[in-house]
Amino acid sequence: MKQLKAEYLFLFLLISCQGPYSALGPAGSAARTISSMFWWLCGAGLAIWLLFVALELYAILVKPGPHDLKKTRLFVIGGGVIFPVIIITISIYFSLAPLPDLVKMAPKGSVVVKVSGLQWWWRVKYPLANDQEIEVANEIWLPVNEPVQFLLSSEDVIHSFWVPSLAGKIDMIPGQTNHLSFTPTKTGHYLGSCAEFCGTSHALMRLDVKVVERKVFDEWLKKQERSVKRTGSPGEVAFVSNGCISCHSVRGISSLGKIGPDLTHVGSRRRIGAGILNNDANQIHRWIDDVDLIKPEAKMPSFKRLPIEERKALAKWLEGLK
Amino acid sequence: MKEEDIDEVREGQERRLLKAWKVPEGWRYWSEVNNSEVGMWYTLTSLGFFFFAGVLALLIRVQLAVPDNDFLTADQYNQIFTMHGTVMMFLFAIPIFEAISILLLPQMLGARDLPFPRLSAYGYWCFLLGGIFVCGSLFFGAAPKGGWFMYPPLTSSYQPGVGADIWLLGLTFIEIASIAAAVELIVGILKCRPPGMRINLMPIYAWYILVVAIMILFAFPPLIAGDILLEMERAFDWPFFDERRGGNPLLWQHLFWIFGHPEVYIIFLPSIALLATIIPTFSRVHLVGHSWVVLSAVGTGFLSFGLWVHHMFTTGLPGVSLGIFSAASQAVAIPTGVQLFCFLATLLTGHFIKSVPMLFALGGMATFVIGGLTGVMVAIAPFDFQAHDTFFVVGHLHYVLIGGSVFPILAGIYYYAPIVSGKKLSERLGRLCFWLVIIGFNVTFFPMHASGLLGMPRRVYTYPAEMGIGGLNLISTIGAFILGAGFLVLLWDILRPKSKQPYSERNPWGAGTMEWAMKIPDRMWGVRSIPLIKTRYPLWDQPNFIHDIDHGNFYLPDAQEEMRETLITSTLDAHPIQCMRVPGPTFVTHLAALFSGGFFIFATYHWWIPTIISGVLAVVFIVYWLWTGTAWIPEKDEKNVGMGVSLPIYKSGPLAAGWWAMFITMLADMTAFISLIFGYFFYWTVQENFPPQVAGPEFFWPVTGAGLLLFSWILTKLSWQWNRKNKTKRFYACLLVASLMSLAGGIAFLAGPWVHKMDPTVHVYQAIVWVLVIWTALHAVLGSLMQLYCLARRMAGRMTARYDADITNVSLYACFMAVTGVITALVISGFPAIGR
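Those protein sequences? They're chains U and P, same order as listed.
All the letters of the first sequence, read from the start, carry residue numbers 1 to 322 under the numbering used here.
All the letters of the second sequence, read from the start, carry residue numbers 1 to 836 under the numbering used here.
Please note that the accuracy of each hint is not assured.
The calculated label-pair distances, taken between Cβ atoms and stated as ranges, are [claimed, not checked]:
no., chain 1, residue 1, chain 2, residue 2, range
1, P, Ala235, U, Pro127, 33 to 43 angstroms
2, P, Leu491, U, Gly188, 45 to 55 angstroms
3, U, Leu57, P, Thr628, 55 to 65 angstroms
4, P, Val620, U, Asp290, 50 to 60 angstroms
5, P, Pro508, U, Arg73, 25 to 35 angstroms
6, U, Val85, P, Thr800, 55 to 65 angstroms
7, U, Asp290, P, Phe681, 42 to 52 angstroms
8, P, Phe302, U, Lys71, 23 to 33 angstroms
Since the hints were made in silico from the structure, they are not lab data.
Glycine included, each C-beta is placed from N, C-alpha and C at the ideal position.
Chain U with its partners taken away, still in its complex shape (with noise of 0.2 angstroms):
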């Protein structure tokens, strides 16, 4: 047992800490407290198992004979009491110091990204100057060491909103606006995911985030505020004739449809249907097809039963709304 033990250990500690959904790869502010603190609560976790172990075997193996039982109480005052209150006082003090950091707001005119959870996808609002805000969906772009506040929310069940390599989770919950605030500390492209058990497609229900510099951010803001023109080209023929508008926004070809996500620059983002397939017109096409096959019960209809140019132009033309 102790030998697996070991060997567990080593293999933990060979795997990269490094992957895209990492908690202990931070690159933010939040998640780095939190990654540091939970190495220091291993190596101590490990060290107290360690010696609890020593303790169970020195009784049966090494010295299985009677002890004195006066000593013995010592131990047990020792070993039971003193130390656990010593070693948790320890902890409570030093896990709660960086607590009020954690759920503070972040400073007055920091970026503010209002996401709000939905069976299985992201809706992203970036609130402009102008009071007007720009709506994208299951990607965030973030400018880099600069705090940023969230503001969460859901529109229907209970989700959770948690990017492990930029801070810790919290729920989104219809009727409740929830904060979070960090600064991401270096650039790169990390990924998200659901973390409240949302329904039949909790697993697919995904989100991309990318840290840039702030001149990077600030092109793609303005590139996002921008609408898409009329070109009567037959993937935008489809996309108006068949309804596909009445859940879609698409600024500049109609905004009303507010039940899907808005699609206005879809082709710019890294994936498609919340973080689950990429992004090229095959996939799109195969999106269309069968969504029910690719994300069980979610709400959009699948649309086979469309002419196959209609849905290869669809596709065409929704991979080109850059």
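Position chain P relative to chain U; hints supplied.
Same frame as chain U, but now just chain P:
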């Protein structure tokens, strides 16, 4: 007397005892209600559910073995993980402790049976029926799929199928059975101890079970209250959790975790109790720090009710709450540490003897400590922000529950096998089982800590390859099958034919506690004579103990009337106060259980007419059961119970077991009621205009209702006195008026919201008022029925001036009924007046 004469007397005693406690044969076997049979069925059934849920776990692991797997669909997976958690928690972890306790407690206390054997039997048949109903839904693809925590609004508005209803009603049914068992165990421990076993001499196991059973009384009712609210929302659209109509989904989370956190300790403490019993046996010394261990168990029980918020750290509560609950949660490590160190100290002071049970005990402790340490980690709010709802927590909770609970249960199975079947389990298979289980367990669950921190959320039916956790998950899956193999070895060891294996010797482990005094194979009388206890380890410390028991030198060595009897003693000092007759085999409990089950099962499908018929039949059979099986008037006042002591056969009031059962049941009932009141005030704290400006229920009707219930109680109390004084006419008159007043009180409460046309589907305020008045009205109707029952008992001559347990217990009920009425009126009428 000559030697032969004495032997003859003994033989006669044994013959009569055996006749009284004879197990029915043939198909009537199933009508037995004795604790050894019911306890064994109970244990085997919950083990059956354990294996069922274990198979579900393997299906989960197969699905997660590789990324993007399609072995199960999302919908199947969600049903399976929901059922895995639900079955393990509600059909294994809690029932197994109640089962083991029903099986063993009477032996440990030297009692012939628990005080209410038919109640245990009723609880068992409810459990079996409810369990099959809940599990069966999986085979029709209709199982609950909202997770074992069932958070609304997902479960209230977004899962239209019958699954969530099966969960809510099926489990409420089982929870009621669990509470019944808890009442039985508490009264058993407090009133059925052998003479001399003062509360400080009580076996450590009984202490833990007492603490845990009391925890059940206060932990389960909040969940039942939550179940009622959620089912009302699902069935009748009352918006308790719908934020658009004033509801709040977090109320469910509070109610669920006020239950859910103590639940962890309800599962864990009885297993620690097994360790505390087994370790001294194999160290050949008394448990070191007995009172420290008891205090820690009590302390853990108390603390566990103040920690529930640590399951809600990520719901956006204010930082201050996070800090307080975080600190309190970490503090639980202290009483746990005390218990573990007392066990280590016991090992150190004694002579350690190697055995299979100790292998499981020590392996379990080492495993549990890992779970305890990760527990401190997740109790730290900042770390929990990352770990919450990830596989890290899956790893943590399985270390706690398997290390802290399943390992000790396995130790217990190997330890107590000779008591149950007369034969030891195999030492060789036991070792094999241990190594497979401990290796398989660690291979399965240790990597989960890593996969969680690498970003794997809980309850996902699949994960993408890009997460880089495929390898870890594959290791977990392999481990799960090793673990499964370990449990198969255990199953084989239990089921393998043992007819050629000789019976184990008496007290095979050389233990010092009472339960090992029994003969192997056992006799149905439980204990030949009920001993006088002077120490905690009588088999070690009381000379000639077994000899005296066997020779009938202690209490109740005979059953002159060939009726089942056991001793009732005083709560603290265990002075003998009554020789209680307990009822024997019957099928009425089966029918009562069947129709109670029918009530809940038909309600699941909203088949209201069969629901009502079933409910009425359940009441009919329960009344028949009470009528024929309780408060028997004895043929004489007192009887000689041996050792020169003569005891009354009939008792009523606070010295009797029945009074305690009523009192304890009503505590649980009040807790459920207070949980509903908590709901009312929760809405007030989270909403700016609560109560809103709507008409009703105003003052008149609720105050009238409360007044009527109050008077009904006073009249019941009066009629109790008239009965004692044998003033029959006054008794009848008083009780009849009381019964009518209860009924009128209930109606008055309903009239409050009714005449003001409060529509419960409009806003949560109307809904919660309605729920409170319905709750009160139901209690009033029940009270009215009970009062009529006493009336009928007296008319039928089944209750007299001297033998008055029925009216004594009903007047206690009436007191709780009146309190319920007064509180309801104060809240629904009084609070809007000051709260607006």
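Do the hints match the structure? See the list:
{"no.": "1", "hint": "P:Ala235 <-> U:Pro127: 33 to 43 angstroms", "result": "41 angstroms, holds"}
{"no.": "2", "hint": "P:Leu491 <-> U:Gly188: 45 to 55 angstroms", "result": "51 angstroms, holds"}
{"no.": "3", "hint": "U:Leu57 <-> P:Thr628: 55 to 65 angstroms", "result": "59 angstroms, holds"}
{"no.": "4", "hint": "P:Val620 <-> U:Asp290: 50 to 60 angstroms", "result": "56 angstroms, holds"}
{"no.": "5", "hint": "P:Pro508 <-> U:Arg73: 25 to 35 angstroms", "result": "31 angstroms, holds"}
{"no.": "6", "hint": "U:Val85 <-> P:Thr800: 55 to 65 angstroms", "result": "59 angstroms, holds"}
{"no.": "7", "hint": "U:Asp290 <-> P:Phe681: 42 to 52 angstroms", "result": "50 angstroms, holds"}
{"no.": "8", "hint": "P:Phe302 <-> U:Lys71: 23 to 33 angstroms", "result": "31 angstroms, holds"}
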